[in-house]
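Visitor: Given next are the chains, with one letter for each unit.
There are 2 protein chains.
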Amino acid sequence: MADQLSGLLFPRSVAVIGASGKPGKIGHALFSNVVTSFSGPVYAVNPGHDELLGRPCVPTIAALPEPVDLAVIIIPAQLVPDALEACGAGGIRNAIVISGGFKEVGADGAEREGKLVEIASRHSMRLLGPNCLGLISTQVGLNATFAPRGAREGEIAFISQSGAFCTAVLDWAWKGHVGFSHFISLGNKAVLSEEDFLTAFADDPRTRVIVAYLEGIADGQRFLKTARAVTPQKPVVIIKTGRGEAGARAVSSHTGTMAGSDEAYEAAFRQAGVIRAQNVEELFDFAYLLARQPLPKGRRVGIVTNAGGPGVMATDAAEREGLEIARFTEPTARSLAERMPAAASIYNPVDILGDARADRYRDAVNLVAADPNVDMIVALSAPVAILTYAELGTILADVHREHGKPVTCSFMVGEIGEEADAVLRDAGIPSAFDPARAVRALAGLVRYADVRGTPHKDQRTHPVDREGAASLLRAAARKDRVRLGVEAMDLLEAYGIPVARGGIARSAEDVEPLLQALGEELVLKVVSPEMSHKSDVGGVRVGIPAERAAEEAWQMLHMARERFPEMPIDGVLVQERVPPGREVIVGMVRDPTFGPLIMFGLGGVHVEVMGDVAFAVAPLVEGEAEALIRRIRAYPILRGVRGQPGVDINALVEVVERLAQLAMDFPHLLELEANPIICYPDRVVAVDLRLTVSGEDG
Amino acid sequence: MADQLSGLLFPRSVAVIGASGKPGKIGHALFSNVVTSFSGPVYAVNPGHDELLGRPCVPTIAALPEPVDLAVIIIPAQLVPDALEACGAGGIRNAIVISGGFKEVGADGAEREGKLVEIASRHSMRLLGPNCLGLISTQVGLNATFAPRGAREGEIAFISQSGAFCTAVLDWAWKGHVGFSHFISLGNKAVLSEEDFLTAFADDPRTRVIVAYLEGIADGQRFLKTARAVTPQKPVVIIKTGRGEAGARAVSSHTGTMAGSDEAYEAAFRQAGVIRAQNVEELFDFAYLLARQPLPKGRRVGIVTNAGGPGVMATDAAEREGLEIARFTEPTARSLAERMPAAASIYNPVDILGDARADRYRDAVNLVAADPNVDMIVALSAPVAILTYAELGTILADVHREHGKPVTCSFMVGEIGEEADAVLRDAGIPSAFDPARAVRALAGLVRYADVRGTPHKDQRTHPVDREGAASLLRAAARKDRVRLGVEAMDLLEAYGIPVARGGIARSAEDVEPLLQALGEELVLKVVSPEMSHKSDVGGVRVGIPAERAAEEAWQMLHMARERFPEMPIDGVLVQERVPPGREVIVGMVRDPTFGPLIMFGLGGVHVEVMGDVAFAVAPLVEGEAEALIRRIRAYPILRGVRGQPGVDINALVEVVERLAQLAMDFPHLLELEANPIICYPDRVVAVDLRLTVSGEDG
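Each protein sequence line maps, in turn, to chains A and B.
Numbering-wise (the working numbering), the first sequence opens with residue 1 and increments by one.
Numbering-wise (the working numbering), the second sequence opens with residue 1 and increments by one.
Among these hints, one or two may not hold up.
Any copy will do: because identical chains look the same in the list, a pair fits if it lies in one copy or spans two.
What the hints assert, rightly or not - Quick list of in silico lysine to aspartate or glutamate cross-link-like pairs, DMTMM-like style, CA-CA up to 25 Å:
1) Lys22 - Asp355
2) Lys22 - Asp570
3) Lys175 - Asp421
4) Lys25 - Asp510
Just so you know, these hints were derived from the structure itself, not from any lab.
Here the structure is a predicted model, which means the values were calculated and not measured.
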């Protein structure tokens, strides 16, 4: 894919279709950006000129003297399809459509966009846009945008679904000297989308971190797969907006009630190793450090300060961010004791006092940075007259270079701190007024170090009776059933999920033959997939002696048919009565973006009242089912508390994995919930089930 | 109190004891700051000169020509007590001791500090410090600090326990044009502390917001009382560091285990209406807006943007901060529809598109600001060529002035946004690159509006048998008992807390007379205050038929004495068996700073495993006990879920209040936990108790 995108990202020649010589027109802004920035051949296509801004101008695409690597199209929307066709016919394989007037303006535009997709596909073209700001590739010096600002060279590859955010970031980054390897405005993502660029940038040696602003993802499964492959190589930091959007989805289970679109994004990002930024400040704080500094070996931070208060602030922030305050080794403690004044605090945070000059600061930071128990350093300084920030900046740059550990700093000053800007910028060390921000940036590094430290795992596939499950679902489809209940327990069984023994009696006479091996006490459940809360309407009877089972079953059928004449009543499930245990819920809903979203939670009040649930997107790779189970707050209850034994976590892990496998294998399963699954120290068993299938497929 | 501090905060004349003419010395930096800033009479006290920096210099304090309003002392620590004495003798009533070398350097220093306290008390002097940076009062133009930067005039009163943080804030605030009414470095707080200044600033007409950096509070009860009185008048925003400090405290209950020092601060701040900032950025974002803008009438925010992406970011942030996205009234929607282009989004956030010029921006913001459903406005702008930020700044300043509603903005640009700085600053409108930050600042205003909207409540005092409780505790003290258990249930009863009926049998023969009115089934509990987990060691038997009670009690006594020969075994509590209900825990620990810290949580796994507890500092004013109960995540369970009835919340509220009253009345109750209290729809009843008393008092 990187090779496939090389013509787009590293073109050797560019044509601008719709280039203009009139200042104030977008076609002029873009063309002049290209001309000014790019050293390779540049052509304008515009019927009115022979030359524009000193470059050759031809009247048509066909008249171009060579098939350029990249065509940038900036003409009225209705003319774009023909232009793209001409590009394809002329052997041009990469195009950016800047023009708007496509999907974003309604049905007409969507149809027009469809044409672009068809043309691009027919000519095997890589197409960025339409409706975008363009792209910048600092390695070939190309600014193919109409933004007033270009980008400085750097190691951050930036991808944005919002053109406005692109211009905002360009302007802001210029002021802050933040550099980019690539800068991509995705536009409508008709052909190329974030996944293509993630893959390309993973292989780009200049790119050290990939940053994206996304409002939505078209194909969640593709994103998950791509990001899983990329994040072990390069950090990916994303700000995904639209957290609150309530997915319009019919729900009939707890899983459905709890699962929103943001839960799916959150789960997918976590599983894929994507670092999610909460806001723009975090996005670039994380990106800057990931681009410029090495990863820490652990999460232990050493703090050096010339004032107590800021040291405490940094310590608080470290705790909040899940970092550890390093404990120095004995030699470090000894050296600090020898070389710092008696009133200094030689424990972490090291307070070298307000009368510290540059030499003491250098000494202290060097000792702390050299300590094997210190993985990264935060250096703080309140304004003092005896120390310049220029000196301090140099010290930190030296320490950073010599020890190869991450360093951030908080210079708690205004203008006088600016004298350190250049030296810190060269060293890649960020400085913030707020010590908490200096610490939080390090936490971003640690988050990525954790991602890098997680060995690659494959999906665990269990042996299942897929054909058996398929024929069960086909049978349901033949009956036009959309909702299924306990009668579908065989589906779980086909996928190797232990279920309580039992069988369905359609009349009182059916009960007797079922009683073998079900024990002396039974549970009876009315089988009616449309009945939502069986227990509440007398549809469940527990602890029925075997000898009374037939009589009770008859009563239940009678009652149900009388009370709910409009509901199909299929019979009564005669089920073994399993002993009490911990109840859990494993569910699945099909997220519109990511597909099968698996939910796990404890039964009783935990899911319904406390909302204590966790989500993961299937397919699950090894370890993810267990991580899902561990993520609920009530996990200690499953592990065993107050002298009570824990439950069989491994068996539960397998149930989750098998259920995820079922969800992957049958895309027309829309929603499914095994509730409850009863857990014991040595096994688990599902005793009830609800599911919804789409009518489309059998 | 404000009057008491007026000589310190608004002095008409100042003497600097230890003023120096030598640049580089602190005594010079401070004296020259005073001379440069202050227009009233200024004297130097220094035996070596007749004049310093053009002001009269006298050799001794006694030689001062007038008893100045304020003496600033900056001489070696060992000379300070005599100097302070001389000030007091000379009729000077306000002093700042800048010098260090007191409590912060150990026992010697602490003794010296004690002398200062004694001298100040004897002469009724207001003393700031020692070991501080000094103070600035912009209203009288006095900079009595040795900081290199002064402060601009403004409406923020700033109090800091860290001198270094003071210099940092001064330098940073100068650059950002943030102004102060008062700027106080507290130092060691030997005499004056944050409470004194909170009270003084509450009455200062120039101060609109009080901001404090605190590392600790000496007298939590005094702080709580003071802050409760101040926050209805003026917003108080505090950054309290040292969140993680693990209080070294012996614990013997769940309450003790869960209660850390930070829980107490968090509870006290909430109860007092103090807005706690998480970090420095938040501290000043909140402070700036509280100082410069009116309070919103509600939490509904109207967003205007010229780009979709930033609008979504602001919407996300609003949800995260607990604000609401306003729904416009019909006239607003109609006007927007009429006046904005067809492609604009006229719903909130209003996206007026990237081609919006100043007139469209002004139109849209005015319409949104005029809507009665909009309580505050966030204006966003990505960089566009057709709109200058200077224009935009003027529009927002006008809108802010005309509509009297809070306005913040995010100009997502770099340098080109600076052209709006001056006009925005004059209008008191903050601007941030990150839309999330513009929204968060508004959330600070809403937090304070909530505080202001809470009517003042008094402590609810219930009729109790205080003397009865006292005599019970005296009896325990006579037996040298530090820990008490079920035998102390009468203490709860004395305070009107319903307890299960029962009595203590010291031998099998005692059981019979107790059985009246206890019902047919009983609970027996070994009475041994040292026994921690009675149930685990067979010290509790439940459901014993009345006729077997004597026999079982005898067995239990026998077992306990045999198994725990070293423990005092007082007998067996014979208790009615109350029916099952919801179990809750109400506890109290004495926090070293705040005193009685009340804990509430649900029994079972909720407290121990899920950590689902809430805290409040006693005394509780009306409504706080209920707020405490509502604050746990599991509160819906108490209110009633899944068709089960709720519990008697009012009865529970009263139990909490009565227990808080008990804790206030008996300061030597160190720890107390009623666990469980069984709750029913119509009543609650305590069935077990553990408490710890200090040996000091009966």
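Visitor: Evaluate each hint against the coordinates.
Guide: Each hint, compared with the structure:
| no. | hint | verdict |
| --- | --- | --- |
| 1 | Lys22 - Asp355 | between (61 Å within a copy, 18 Å between copies) |
| 2 | Lys22 - Asp570 | neither (76 Å within a copy, 100 Å between copies) |
| 3 | Lys175 - Asp421 | both (12 Å within a copy, 16 Å between copies) |
| 4 | Lys25 - Asp510 | neither (82 Å within a copy, 102 Å between copies) |
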